[in-house]
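Visitor: Sequence:
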Amino acid sequence: MYGIALDLGTSGFRAQLIDLDTKDVLKTAITMRHPLPGGNVMDHLDFSIQVGPDISHEIMMDTVKKIIERFDVDPADIRRIAICGNPIQLSIFQNIEIRDLAYAGKNKQKKLGVENVVRDARVFDASEIFDGVIPLPNCEIIVPPAIKHEIGADALAMMIMTDFYEQERPSLVTDYGTNAEMALKIGEKIITGSAAAGPAIEGQGISCGMLASPGAISDVNPEGDYWRITILDEDMSPRKAHLIDPTTGDIKEASDLIAKGITGTGVIASISVALDTGLIKKLPNLPNGKIILADGVEIYDRDIEEAGKAIGAIRAAHLTLLVEAGLAYEDLDYMYMSGATGAYIDADKARILGSCPNFSKSIVQFGNTSISLARELVFDGGRLENVKEVANRIKADHLMMAESKTFSNFYVCELSYWTQGMPIETYNQMLEMYGLPTLPEPYKDPVIEKRVIKDIDEVGKEGLEVVKNLGIVIEEEAPDCILCRKCEEECPEDAIIALEEGGKKYVHYDSEKCLGTSCHRCVAICPVDAIHYIDIDIKTI
Numbered sequence: 004m005y006g007i008a009l010d011l012g013t014s015g016f017r018a019q020l021i022d023l024d025t026k027d028v029l030k031t032a033i034t035m036r037h038p039l040p041g042g043n044v045m046d047h048l049d050f051s052i053q054v055g056p057d058i059s060h061e062i063m064m065d066t067v068k069k070i071i072e073r074f075d076v077d078p079a080d081i082r083r084i085a086i087c088g089n090p091i092q093l094s095i096f097q098n099i100e101i102r103d104l105a106y107a108g109k110n111k112q113k114k115l116g117v118e119n120v121v122r123d124a125r126v127f128d129a130s131e132i133f134d135g136v137i138p139l140p141n142c143e144i145i146v147p148p149a150i151k152h153e154i155g156a157d158a159l160a161m162m163i164m165t166d167f168y169e170q171e172r173p174s175l176v177t178d179y180g181t182n183a184e185m186a187l188k189i190g191e192k193i194i195t196g197s198a199a200a201g202p203a204i205e206g207q208g209i210s211c212g213m214l215a216s217p218g219a220i221s222d223v224n225p226e227g228d229y230w231r232i233t234i235l236d237e238d239m240s241p242r243k244a245h246l247i248d249p250t251t252g253d254i255k256e257a258s259d260l261i262a263k264g265i266t267g268t269g270v271i272a273s274i275s276v277a278l279d280t281g282l283i284k285k286l287p288n289l290p291n292g293k294i295i296l297a298d299g300v301e302i303y304d305r306d307i308e309e310a311g312k313a314i315g316a317i318r319a320a321h322l323t324l325l326v327e328a329g330l331a332y333e334d335l336d337y338m339y340m341s342g343a344t345g346a347y348i349d350a351d352k353a354r355i356l357g358s359c360p361n362f363s364k365s366i367v368q369f370g371n372t373s374i375s376l377a378r379e380l381v382f383d384g385g386r387l388e389n390v391k392e393v394a395n396r397i398k399a400d401h402l403m404m405a406e407s408k409t410f411s412n413f414y415v416c417e418l419s420y421w422t423q424g425m426p427i428e429t430y431n432q433m434l435e436m437y438g439l440p441t442l443p444e445p446y447k448d449p450v451i452e453k454r455v456i457k458d459i460d461e462v463g464k465e466g467l468e469v470v471k472n473l474g475i476v477i478e479e480e481a482p483d484c485i486l487c488r489k490c491e492e493e494c495p496e497d498a499i500i501a502l503e504e505g506g507k508k509y510v511h512y513d514s515e516k517c518l519g520t521s522c523h524r525c526v527a528i529c530p531v532d533a534i535h536y537i538d539i540d541i542k543t544i
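To convert, count from 1 in the sequence shown and add 3; that's our numbering.
Keep in mind that the hints were calculated from the coordinates and are not lab data.
Warning: the hint list may mix true and false statements.
[To be verified] The calculated lysine to any residue pairs, modelled on SDA-like cross-linking and capped at a C-alpha distance of 25 angstroms, are:
hint, residue 1, residue 2
1, Lys312, Asp49
2, Lys30, Lys457
3, Lys151, Arg102
4, Lys453, Pro173
5, Lys243, Lys457
6, Lys69, Lys516
7, Lys68, Glu465
8, Lys408, Lys453
Note that the structure is predicted; figures quoted are calculated from it, not measured.
Please construct the entire structure, taking both the sequences and the accompanying hints into account.
Guide: Shown next as structure tokens:
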């Protein structure tokens, strides 16, 4: 009998097939991108509201179906699926209310009739949502609880699956990703928050960027005038690869590992080393406008800006939590890092850039805590009761960064630092002007403990499979289309195509590539107003 642990991440899905008798992980399957259009969780939410949650649910379910099919087992033998993710992803998956997650105002929610939406733990028959998608006649679905509607199972996972929840000293935990969930624990009090870092933190929106997967550059280290490149192998383990001159691209030592792209951790490492070695004299300017890491894998000035905005959002949120809690920077004892960045990043390099507080006395690195919690729930369905007890005991105060003047002031400084090259001395002067504490001196020689060597600590004896080209197409009938192709030329992701079939005109959007409602450049450029991105259907190819 089998179980499946599923992490519905904002940048992609990760799933593991588990033998329920032996509790062994048999195989891991991941997608390179989220199947819904958009680069972050708010794009997914906006898309779902604009086009209808049923459409989003259908897209998500088709992707999960493709993942399950890759495991190549009889669906009748799958007995349990445990799912973890943020409230938006889990709500779309279950096809339940999402509008309360989009509108913060109580009056708006009351007008919509979506007050007091409860997202408790659920155990239900798979037929409730998989009926007509894939037959799972003997399967139950387990969904962990949210603590509050803004604080989901992924945030709960990062607290439970690290030492954070048991920690007695002042501690900060962050699940590094596009939405960067975080929590600060002082005694028995926990304050939660999140930073809309965006996809750059996971390598997306970056030239040659990609999620952590085989062939991705995950780290760089200087060796004289050259850089030693680290690449993830087929088992997702980081391995030392070629030695390259980052300014000329000359390779001093070749390697059998071929770089396909670069992860967010690789970008962070590259910026950190470039700053530390003086290759970058002033942010965001690179020598000759680029760093060369491998054949066809290069980082440009604009990539530094995109990564800087993400790193800056995270540091601003960390500082905001500490200030709003009344905790002096120097009193932070523990920093817990989870997610792919938490696993692969060199903590010292993250300290240089500020994505990891350089004043914390101890740093503990974990991998994907969401899939770890889902896996535990697959192993033992009764574990859900313990998770519910923990969720009920956490009396979390949630800090909305979008409503925080403190965060706004910190982020203004971060933007100036990353995009305009503002010196750190001026940064501190601006903080003083805002009435905020200046950045402290870095803590020397913090204790750094790396609990895992890779994001998913065990991929299984059948290894890892990357599920590419999901083949999900959003189709819109466009009778007024003149087939001028301007939408195709305008699309930054090559996600759209205009075509004529059976005497009718359509536009097709590749769901994985499309940036969704946050872009709409195709809609804006159309000279005859033929496309609207609202009345759409789903096709799979």
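Visitor: Against each hint, give a clear statement of whether it holds in the structure.
Guide: Evaluation of the provided hints:
Among the hinted pairs, Lys312 with Asp49 is consistent with the structure: their alpha-carbon atoms are about 22 angstroms apart, no more than 25 angstroms. Between Lys30 and Lys457, the direct Cα distance comes to roughly 16 angstroms. Compliance with the 25 angstroms bound is thereby established for this hinted pair. The straight-line distance between the Cα atoms of Lys151 and Arg102 is roughly 15 angstroms, inside the 25 angstroms bound, and the hint therefore holds. Using a Cα cut-off of 25 angstroms, the hinted pair Lys453 and Pro173 holds, with the two alpha carbons roughly 19 angstroms apart.
A threshold of 25 angstroms between alpha carbons decides the hint, and for Lys243 with Lys457 the separation of about 14 angstroms falls inside it, so the pair holds. A threshold of 25 angstroms between alpha carbons decides the hint, and for Lys69 with Lys516 the separation of about 17 angstroms falls inside it, so the pair holds. With a C-alpha separation of about 19 angstroms, the suggested pair Lys68 and Glu465 falls inside the 25 angstroms cut-off, and the hint holds. With a CA separation close to 35 angstroms, the supplied pair Lys408 and Lys453 exceeds the 25 angstroms bound.
Going down the numbered hints, you'll see the structure goes against just number 8.
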